[in-house]
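From just these sequences and the hints, can you work out the full model?
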Amino acid sequence: MVAYLNAQQREQLAKELVETPFKKAQRKLRRMNDEARLAFYRNQQSPTHVMTRYVLPNLGAVVTLIETHSSHEEDGRIKADYELEEVIVEPTADNT
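With this note's numbering as the guide, the letters of the sequence shown map in order to residues 120 to 215.
Don't read these hints as lab results, they were simulated from the structure.
There are no misleading hints in this set.
Okay, derived cross-link-like pairs now, SDA-like style, lysine to any residue, Cα gap no bigger than 20 Å in a straight line: (1) 134 <-> 207; (2) 198 <-> 166; (3) 142 <-> 201; (4) 142 <-> 181; (5) 142 <-> 205; (6) 143 <-> 172; (7) 147 <-> 176; (8) 198 <-> 186; (9) 147 <-> 206; (10) 142 <-> 207; (11) 142 <-> 172; (12) 147 <-> 210; (13) 143 <-> 203; (14) 134 <-> 206; (15) 143 <-> 162; (16) 142 <-> 163; (17) 147 <-> 183; (18) 143 <-> 133; (19) 142 <-> 187; (20) 134 <-> 169; (21) 147 <-> 133; (22) 143 <-> 187; (23) 147 <-> 130; (24) 147 <-> 157; (25) 147 <-> 201; (26) 147 <-> 172; (27) 143 <-> 131; (28) 134 <-> 202; (29) 147 <-> 185; (30) 147 <-> 127; (31) 143 <-> 169; (32) 142 <-> 153; (33) 198 <-> 141; (34) 134 <-> 144; (35) 134 <-> 152; (36) 147 <-> 209; (37) 198 <-> 162.
Note that this is a predicted model, so its numbers are computed, not measured.
Okay, here's the thing in structure tokens:
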């Protein structure tokens with residue numbers, strides 16, 4: 120069993136993930152914990168922001184990836200653009 124992340128490690132993880140593209144951040148989270156669970160994917164809470172949340176039970180953390188969402192028209196089709204803006208790493212109830 121891996122030890123839970125402390126506050127400093129959670130902050131460092133958030134800084135690392137915000138620098139990476141969304142797909143690489145997802146891949147890193149899934150590789151960090153074998154039991155990583157996708158809680159929700161691109162859930163839209165506001166017109167310009169979408170959220171993806173992973174629960175990492177073995178590390179005692181919940182990671183929320185917040186992206187900005189915009190769209191543009193290209194060749195008569197509307198395409199969505201997403202950019203990772205913020206990462207929130209919170210402790211689970213077991214890791215308080």
